[in-house]
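*Asks:* The lines below spell out each chain.
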Amino acid sequence: MAPNLVLASGVILALVVALPVVFHLTKYLGAKSDSIRKNEPYESGIRSTHKDASDTFNVKFYIIGIIFLLFDVEILFMFPWAINLRELGFFGMMEMFVFMGLLIAGLVYVYKSKVLKWT
Amino acid sequence: MDTAFIIETIVKIVVILLIFSALAGIGTYFERKILAFMQRRLGPMYVGPFGLLQVAADGVKLFTKEDIIPTGVVAKIFKIAPVITAATAFMAAAAIPFLPTFTVFGYTVHPIVADINVGVLYVLGVMAIGLYGPLLGGLASANKFALISTARAASVFISYEVITGLSLLAPLMMVGSFSLIDFNNYQVDNGWLLFSQPLAFILFWIAAFAETGRTPFHLVANDHELIDGFGTEYSGMRWGLFFIGEYANMFFISFVMALLFCGGFGDGSVAGALALLGKVAFFFFVFLWVRAAWPDIRPDQLMWLCWKVLMPLAVINIVITGFVMMF
Amino acid sequence: MFEAVAFYLFAFLTITMFYITVTTQQALYALTALAAGMIFISAFFFILGADFLGVVQIIVYTGAVMALYAFGMMFFDTTRDVVEKRTSPQMIFGMSTLAAILVVAIFVAPIVSDNITAFYPVVEGVGNSQQIGLVLFTKYLVPFEVAAIMLLVAMVAGIVLAGKKMDRSLTLMDCDDAETILQENKES
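Protein chains in written order, with my numbering: chain A, 1 to 119; chain B, 1 to 327; chain C, 1 to 188.
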């Protein structure tokens, strides 16, 4: 347990401490300028049109998120089974195939429901 | 826990940070050179011998560029996002045994920062966190191109994570452990998993292209329609961090593929170590080769490929592996 | 010693992150802080030696659940601050009472749970993931299969609820139709 905690904290700490210093250095290194037009978001030269950019998103992105969440959970259930396959034997495998059958049923429903049809 | 161990870990982390940052820089050089040769150009030529110092020149340019924070962005998140991309790429490297154990001046070195017994899952987990770089970068910049890129990046990342997970299940069934070192040792005894699990290997490889956002699946920052995607508003070193993250990720996933499917470092001899580096170089080269040879595909084709082709294949692969192992 | 330091460090970080999530007015800060908090929680699993659950915590909560939230956030302008209305003093009173009771409960818990022993204590030498697999597929088999059915139901429900008028595409419509729909959306 100990080493991986140390490592994770260490890596993060090194990056978090080092990077703001680097960014501060770049401030003093190169040329600088400041103007309203320059600091606008880049929209290929057109004045910013962002105001309404985000309110008509396709709901399919969200549904993909839902489907992924559920399949991800199912796959994580399968991991402990996979590494124990030899001990669990034939019965364990059948249990998992029932589980996977339900997963596939879900997948078939997803196919039928036109979520994955992008016109 | 003794002091020597702490010092060793810190030294390893620093070494990994330096090597991977350097690799990311040199990776850009190789990418430009290889793409150039494949397109019958010369690539970088003027800075240094064979243009080798181009990397340094690019670095100087990135450092001296102004760090622009545009109006309308969520400044804090905007600043953090590139750090997340780079940090996750380096964190993932922590669980990878880069070389077999070797001895220098009577001191045994384990070239792995942490030999955790859930190595494969750790790799998957860190890859899952890697999503947050593009996600937060795009959501924080007040730019619709960045936003579209974010939506695409998120949907591609998560869809192909399912493929990564499913394709790893069949090898896991055969090896029976999450540890990357166990994977290596299993393959020493039983031959490469590439030959016993070819389908899983190909699925994982395809998913690797999607997870790193490389060319046939380069929709995240598809230059001709999304400018630079989530990186549009970034400049200077912050954009550079996205870049380092991408290339470090490519090297990291090449290591993972070499370790999981292609025998890793074998029995731990010098030849095995060199072979591992050779395999990694080959996988990295294929990333560049594919970029030169293939056009990008459409987002809907990407989703079709993931959910309707690769996913059933992965499930079938698991079922067949299970039956073969039982009978 | 090391474990105690790690525990308090991560407890502090987790609570700070969730505090930011609750109090901030900027949706993106909330999202980032919540995701970070989820990662810090996984540290507790690692401290307890439950490596598998720690990684699952990261993959499911940070990787999947928060990604779902992020998709939800794409539907509105994340660069603007959200101002909540805090008009109900009863609510604040109720919540703080609940929080106070919780704090008491948490401090009492060690006294009550003094003589509780784990059903499946960590065995040295056997990997945590192996144990989880064996227990999950022998003792907790029925809950496991029920979980599969629940996931299936959740998937169907999610698609049915979120997928109304899914096929309608504003970009493929006539200009006028799209305008009317946008107008309706604004009014509702």
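One or more hints might be untrue.
Only some residues are given here: those of chain C computed to face chain A with a beta carbon under 8 Å [unchecked claim]: (1) 65; (2) 67; (3) 92; (4) 96; (5) 145; (6) 146; (7) 149; (8) 158; (9) 159.
Quick caveat, the hints were computed from the structure, so don't treat them as lab data.
Quick reminder that beta carbons are idealized off the backbone N, C-alpha and C, glycines included.
*Asks:* Evaluate each hint against the coordinates.
*Replies:* Against the structure, the hints:
With a least beta-carbon distance of about 6 Å to chain A, the hint placing residue 65(C) at the interface is held under the 8 Å criterion. With 8 Å as the threshold, the beta carbon of residue 67(C) comes within range of chain A, its nearest partner Cβ sitting at about 6 Å, so the hint holds. Residue-level restraint check for residue 92(C) is violated (minimum Cβ-Cβ distance to chain A is 32 Å; threshold 8 Å). Violation of the interface hint for residue 96(C) is found here, the shortest Cβ-Cβ separation to chain A being roughly 33 Å, above the 8 Å cut-off.
For the restraint placing residue 145(C) at the interface with chain A, the shortest Cβ-Cβ distance is roughly 6 Å, inside the 8 Å limit, so the hint holds. Interface restraint check for residue 146(C): the shortest CB-CB distance to chain A comes to about 10 Å, outside 8 Å, so the restraint is violated. The interface hint given for residue 149(C) is met, as the beta carbon of that residue sits about 6 Å from the closest beta carbon of chain A, less than 8 Å. About 4 Å separates the beta-carbon of residue 158(C) from the nearest beta-carbon of chain A, less than 8 Å, and the hint is met.
About 5 Å separates the beta-carbon of residue 159(C) from the nearest beta-carbon of chain A, less than 8 Å, and the hint is met.
Comparing the model with each earlier hint shows violations of hints 3, 4, 6; every other hint is respected.
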